[in-house]
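Q: Sequence:
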Amino acid sequence: MESKEASHPSQSFNLRIPYISHIVCVFIEMALTGKVSTEHVILAPVSKWFNLFAKQLHHIQNIAEKVHHTKLHEGDDWHSNESVKHWTYVVHGKVHTCKEKIETVDESNKTITYSLFDEDIGKDYKVFKLIFQVAGKDDGSGRVIWTIEYEKVNENVEPPYGFLDYVTKVTKDIDAHLLKA
1 MESKEASHPS QSFNLRIPYI SHIVCVFIEM ALTGKVSTEH VILAPVSKWF NLFAKQLHHI
61 QNIAEKVHHT KLHEGDDWHS NESVKHWTYV VHGKVHTCKE KIETVDESNK TITYSLFDED
121 IGKDYKVFKL IFQVAGKDDG SGRVIWTIEY EKVNENVEPP YGFLDYVTKV TKDIDAHLLK
181 A
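Each step along the sequence shown adds one to the number in full-length UniProt numbering, with nothing skipped, and position 71 is 71.
Worth double-checking, as some hints may not be accurate.
Stated by the list, open to error - Label-pair restraints from in silico Cβ distances:
id : residue 1 : residue 2 : range
1  : Gln61     : Asp139    : 16 to 22 angstroms
2  : Lys137    : His92     : 17 to 23 angstroms
3  : Val157    : His59     : 30 to 36 angstroms
4  : Leu43     : Val84     : 17 to 23 angstroms
5  : Gln61     : Glu39     : 36 to 42 angstroms
6  : His68     : Asp139    : 19 to 25 angstroms
7  : Leu179    : Glu82     : 21 to 27 angstroms
8  : Asp124    : Lys169    : 29 to 35 angstroms
9  : Ala181    : His79     : 34 to 40 angstroms
10 : Asp138    : Glu82     : 24 to 30 angstroms
11 : Val127    : Leu179    : 16 to 22 angstroms
12 : His68     : Asp138    : 24 to 30 angstroms
13 : Ala135    : His69     : 16 to 22 angstroms
Claimed, not checked - Calculated cross-link-like contacts (lysine to aspartate or glutamate; reagent style EDC-like; alpha-carbon spacing at most 20 angstroms):
id : residue 1 : residue 2
14 : Lys152    : Asp124
15 : Lys99     : Asp139
16 : Lys66     : Asp138
17 : Lys101    : Asp139
18 : Lys48     : Glu155
19 : Lys172    : Glu155
20 : Lys66     : Asp77
21 : Lys172    : Glu39
22 : Lys137    : Glu158
23 : Lys123    : Glu158
24 : Lys48     : Glu149
25 : Lys129    : Asp139
26 : Lys71     : Glu39
27 : Lys94     : Asp118
28 : Lys126    : Glu103
29 : Lys137    : Glu39
30 : Lys55     : Asp77
31 : Lys66     : Asp165
32 : Lys123    : Asp76
33 : Lys152    : Asp165
34 : Lys94     : Asp77
35 : Lys126    : Glu149
36 : Lys55     : Glu103
37 : Lys48     : Asp124
38 : Lys94     : Asp76
39 : Lys169    : Asp139
40 : Lys126    : Asp106
For the record, the hints were derived by calculation from the structure and aren't laboratory data.
Cβ atoms here follow ideal geometry from the backbone N, Cα and C, with glycine treated the same way.
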């Protein structure tokens with residue numbers, strides 16, 4: 001069976017896969033719904049990470065270089081499920097904006113699900129859920145897992161790999177800050 005080279009657009013690795021699998025991968029890429037995820041080892045305590053996202057979300061603009069501005073758009077509490085926040089951030093050198101609302105907070109699993117919508121996100125995605133989870137490891141270190149569940153507006157829209165790069169950079173900035181705090 002013939003093999004083809006395939007590579008993920010946001011990572012630098014090559015994978016030898018059979019031609020038929022390559023066709024399946026292309027078919028999956030053309031689907032309107034999908035899920036992408038990235039996981040990072042963190043050095044700061046898991047409790048500090050979760051506290052930042054659960055109770056101090058407005059501070060991220062002062063910590064992460066790629067977040068230019070955030071403001072409360074609707075509501076009076078940054079952490080209420082009823083409130084809507086407006087975000088300005090940079091992905092691949094381009095300034096983007098969107099609105100965000102908290103869907104769920106699961107304190108026992110240290111998981112928060114955000115719904116991102118309108119503006120730049122809304123142009124390309126009907127649904128864009130950003131799931132943040134932190135977990136401790138047996139060796140005392142931790143990890144942060146970012147998952148994006150999405151539905152594209154059409155087949156011409158790429159999966160949100162650029163957003164995964166963005167959260168990777170934000171993760172590094174936040175971890176460095178929390179280690180100093």
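Q: If a hint holds in the structure, say so; if it does not, say that too.
A: Results of checking the hints against the structure:
The supplied range of 16 to 22 angstroms is broken by Gln61 and Asp139, whose beta-carbon atoms lie about 32 angstroms from each other. In this structure, Lys137 and His92 break the distance hint of 17 to 23 angstroms, their C-beta atoms being roughly 31 angstroms apart. Distance hint check for Val157 and His59: the Cβ-Cβ separation is about 32 angstroms, which falls inside the suggested range of 30 to 36 angstroms. For the pair Leu43 and Val84, the beta carbons lie near 33 angstroms from each other, so the given range of 17 to 23 angstroms is not met.
Look at Gln61 against Glu39: about 24 angstroms separates their beta carbons, and that is not inside 36 to 42 angstroms. Restraint check, His68 to Asp139: a C-beta distance of roughly 36 angstroms breaks the suggested window 19 to 25 angstroms. Checked against the given bound of 21 to 27 angstroms, the beta carbons of Leu179 and Glu82, roughly 33 angstroms apart, lie outside it. Our hint of 29 to 35 angstroms for Asp124 and Lys169 is violated, since their Cβ atoms are close to 20 angstroms apart.
In this structure, Ala181 and His79 break the distance hint of 34 to 40 angstroms, their C-beta atoms being roughly 19 angstroms apart. Restraint check, Asp138 to Glu82: a C-beta distance of roughly 38 angstroms breaks the suggested window 24 to 30 angstroms. Distance hint check for Val127 and Leu179: the Cβ-Cβ separation is about 34 angstroms, which falls outside the suggested range of 16 to 22 angstroms. The hinted window of 24 to 30 angstroms between His68 and Asp138 is violated, with their beta carbons roughly 38 angstroms apart.
The hinted range of 16 to 22 angstroms is not satisfied by Ala135 and His69, whose Cβ atoms lie roughly 30 angstroms apart. At roughly 6 angstroms between alpha-carbon atoms, Lys152 and Asp124 fall within 20 angstroms of each other, so this suggested pair holds. Pair hint Lys99 plus Asp139 does not hold up; C-alpha atoms about 37 angstroms apart against a cutoff of 20 angstroms. Among the hinted pairs, Lys66 with Asp138 is inconsistent with the structure: their alpha-carbon atoms are about 31 angstroms apart, more than 20 angstroms.
Between Lys101 and Asp139 the alpha-carbon distance is near 34 angstroms, which puts this suggested pair outside the 20 angstroms criterion. For the proposed pair Lys48 and Glu155, the alpha carbon gap of about 39 angstroms is over 20 angstroms, so the pair is violated. Annotation: proposed proximity of Lys172 to Glu155 is violated, straight-line Cα distance about 32 angstroms (limit 20 angstroms). This hinted pair does not check out: Lys66 and Asp77 have alpha carbons roughly 23 angstroms apart, beyond 20 angstroms.
A hinted pair counts as satisfied when its Cα atoms are at most 20 angstroms apart, and Lys172 with Glu39 qualifies at roughly 12 angstroms. Of the pairs offered as hints, the one joining Lys137 and Glu158 is violated, with about 33 angstroms between alpha carbons and a cut-off of 20 angstroms exceeded. Of the supplied pair hints, the one linking Lys123 and Glu158 holds, its CA atoms being roughly 12 angstroms apart against a limit of 20 angstroms. In summary, the hint linking Lys48 to Glu149 is not supported, as the alpha carbons are separated by about 25 angstroms, beyond the 20 angstroms threshold.
A C-alpha spacing of about 30 angstroms is found between Lys129 and Asp139, which places the hinted pair above 20 angstroms, so the restraint is violated. Taken as a hint, the Lys71 and Glu39 pair is broken in the structure, with Cα atoms around 27 angstroms apart against an allowance of 20 angstroms. Taking the CA atoms of Lys94 and Asp118, the gap is about 17 angstroms. The hint holds against a cut of 20 angstroms. For the hint pairing Lys126 with Glu103, the CA-to-CA distance comes to about 16 angstroms; that is within 20 angstroms, so the pair holds.
Taken as a hint, the Lys137 and Glu39 pair is honoured in the structure, with Cα atoms around 13 angstroms apart against an allowance of 20 angstroms. Straight-line distance between C-alpha atoms of Lys55 and Asp77 comes to about 10 angstroms, which keeps the hinted pair within the 20 angstroms bound. Distance restraint check for Lys66 and Asp165: the Cα-Cα separation of roughly 11 angstroms lies within the 20 angstroms cut-off, and the hinted pair is therefore satisfied. A distance of roughly 27 angstroms separates the Cα atoms of Lys123 and Asp76; the hinted pair therefore is violated under the 20 angstroms criterion.
Taking the CA atoms of Lys152 and Asp165, the gap is near 18 angstroms; set against the 20 angstroms cutoff, the hint holds. For the given pair, Lys94 sits about 29 angstroms from Asp77 by alpha-carbon distance, which is inconsistent with the 20 angstroms threshold. Between Lys126 and Glu149, the direct Cα distance comes to roughly 11 angstroms. Compliance with the 20 angstroms bound is thereby established for this hinted pair. This hinted pair checks out: Lys55 and Glu103 have alpha carbons roughly 15 angstroms apart, not beyond 20 angstroms.
About 33 angstroms separates the Cα atoms of Lys48 and Asp124, which puts this hinted pair outside 20 angstroms; it is violated. The hinted pair formed by Lys94 and Asp76 fails the criterion: a straight-line CA distance of about 30 angstroms is larger than 20 angstroms. Restraint check for Lys169 and Asp139: not satisfied, since their Cα atoms lie roughly 24 angstroms apart, outside the 20 angstroms limit. For the hint linking Lys126 to Asp106, the alpha-carbon distance of about 24 angstroms lies beyond 20 angstroms, and the restraint is violated.
Hints 1, 2, 4, 5, 6, 7, 8, 9, 10, 11, 12, 13, 15, 16, 17, 18, 19, 20, 22, 24, 25, 26, 32, 34, 37, 38, 39, 40 from the list above are not met by this structure, while the remaining hints are.
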